[in-house]
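**Q** Residue numbers (the working numbering), protein chains in the order written: chain G, 1 to 266; chain W, 1 to 269.
There may be inaccurate statements among the hints.
[As the list claims (entries may be wrong)] What follows is a set of in silico ranges between Cβ atoms, one per label pair, in the way DEER data are often shown: (1) G:N59 x W:D207: 24 to 30 Å; (2) G:P161 x W:E208: 50 to 56 Å; (3) W:D62 x G:S110: 46 to 52 Å; (4) W:S3 x G:R70: 33 to 39 Å; (5) G:P161 x W:S3: 53 to 59 Å; (6) W:P26 x G:R23: 47 to 53 Å; (7) W:G260 x G:T115: 55 to 61 Å; (8) W:D207 x G:N243: 34 to 40 Å; (9) W:Q55 x G:N59: 57 to 63 Å; (10) W:R38 x G:E213: 23 to 29 Å; (11) W:R94 x G:E213: 40 to 46 Å; (12) G:P161 x W:D207: 46 to 52 Å; (13) G:R119 x W:T240: 47 to 53 Å.
Simulated from the structure, these hints should not be mistaken for laboratory data. None of these values were measured; they are calculated from a predicted model. Backbone N, C-alpha and C fix where the C-beta goes; we use that ideal spot for every residue, glycine too.
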Amino acid sequence: MPRILDAHAYMGADPQWAQLGMRGGRLDADSFVRVLDGAGIDGALVAPPGIGIADDFKNDLDRIADGMKRHPGRIIGLCRVRPRKGTAALSSLRRSVGDRGFSGLLLHTSDDEYTLKDRSLIDPLIVAAADLKIPVIFDTEDRLWASCLPSMVADIALGFPSVTFVIARMGFGGINGWPGSPQELVPAMKKAPNTVTETGSVLLSKFIQDTIEAVGVDRVLMGSNAPYMPIELPKIMILKNLNKLNQREKELVAGGNLARLLKLPA
Amino acid sequence: MASLVYDAHAYLGNNPGWAQMGLPVPLDGDGWVEMMDRSGVHGALIAPQGGGREQFFRPDMDRIAAAIKKYPGRIFGMCRVRPRSGQEAVDELRRRVEEQGFSALKMNTLDDNYRFDDRKLMDPIVEAGARLGILLYFHTGDRHGETCQPKMIGDLAVEYPDTNFNIGHVGYPGFTDQIIPTLKRAPNTNVETAGMFLPILLQNVIDEVGATRILIGSNGPNSAIELPHVMVSKYMNKLTPEQKALITGGNFRRVLKLDGRGAAAGRSR
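Build the full structure now, drawing on both the sequences and the hints.
**A** This is the structure:
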């Protein structure tokens, strides 16, 4: 069985996680690997949680870097930065990738109250990501859907054809009853062939199958939004319930596509 | 022996979209039992799917009636009505419950473009459901959530203290902040988790009102029916095993009076 890989998870500290039985709201590398083991997942792309903005995510990036050393191939780091920090953000990205082996850049418009149309803020980071040969993940989160639409991701992606852009949470706006339109995602992905999407927070089987049929099975990644949502749920959904897919297609969504994107061993 | 798992929110019937998950269409009782068996779910409370609105849900409710008969103790029926049909809706509810063994009423304001605070429309149906001694289930949240707010269910529930009211989807998204005040105000209300996979939010509710007031629901087959019980059993680890067993099945049995206890939620514990 090819590797099962989660394309959207968090590690570090968030007091809310105490509500899930995590002592002190901390999820360290060893605990995270135990969670992976319990769910039958081989590895995960992990970012610092949003609450870490208070220290520009430094402590949690350190925890993730330590976890990558202790559990290579299982904890895969995603560098999260605040674009308004300018050169400090660029330095954090270059150090995380160049010195510590992080595999991608996460940008979340809630972190600095911007929109994906603020190109003067975003473009320097995309240029750096292109130089570092890493994918860029744009979180298209529930409350902020209007600041990070899939169409905005497509516009950016067209300007950087060598970079792969991940439209996180399948665009989210309009899905699960949230404001916005679920009709944004597929046209954006068709417009920009260097985009893929990721299922974090979306557990509606038909929506995912429809998207796969529209853009191709190699452009959808399994993501969980763990630990805010249980890490195991998308795996169950894809492997056991998306039964129009054949086994090879399920394996691509559940890990093969992320392995290809990050150039990980099969 | 492990506790039985019950799903408090599911659908059956002729929804062409379900073919996208490789399911048979129409999905009937046989399909549901097969799905439950491979998902570790013992029983489910099943409503007709929303696409049957134009036919007043009758073909799918006939399918549910057949499934109740064929799989007693595993398939439980929700009678879905359009309140603007007035006495016809009341009569249909009574017939489905008394003659076909349906266990609950289901209402969704999308079905007839109405609001749960339109008491002129709502009261005859709620009154009939209360007299029949069944569970009353209400969809809340979503893009039309303004018409079906949890606090409106609380307003109804306080007038029928011996009837169980389920607040579907935990008011998600958009109205989850009304859940705890409503549950505190009306002790005969419960929430049901379908479509809401945020365990921190659920734990916050449990901390305030207790583990007896939450039932898992899947929204299946729109979402995989296995997901909510995996969420509660494996990922909500502030809960004791006893609390998990209540949420994944014990509360369902109490609310549907499967063990012969007749009291509404807040009065039985």
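**Q** Now tell me if each hint is right for this structure.
**A** Structure-based check of all given hints:
1. G:N59 x W:D207: 24 to 30 Å: 27 Å, holds
2. G:P161 x W:E208: 50 to 56 Å: Check passed, 51 Å falls within 50 to 56 Å.
3. W:D62 x G:S110: 46 to 52 Å: 49 Å, holds
4. W:S3 x G:R70: 33 to 39 Å: 38 Å, holds
5. G:P161 x W:S3: 53 to 59 Å: Holds, since P161 (chain G) and S3 (chain W) (Cβ atoms, about 55 Å apart) stay within the stated range.
6. W:P26 x G:R23: 47 to 53 Å: Since P26 (chain W) and R23 (chain G) have Cβ atoms about 49 Å apart, the given range 47 to 53 Å holds.
7. W:G260 x G:T115: 55 to 61 Å: About 58 Å separates the Cβ atoms of G260 (chain W) and T115 (chain G), which means 55 to 61 Å holds.
8. W:D207 x G:N243: 34 to 40 Å: 38 Å, holds
9. W:Q55 x G:N59: 57 to 63 Å: Since the Cβ atoms of Q55 (chain W) and N59 (chain G) sit about 58 Å apart, the hinted range of 57 to 63 Å holds.
10. W:R38 x G:E213: 23 to 29 Å: Given about 24 Å between the Cβ atoms, the range holds.
11. W:R94 x G:E213: 40 to 46 Å: About 44 Å separates the Cβ atoms of R94 (chain W) and E213 (chain G), which means 40 to 46 Å holds.
12. G:P161 x W:D207: 46 to 52 Å: 50 Å, holds
13. G:R119 x W:T240: 47 to 53 Å: At 52 Å between Cβs, range holds.
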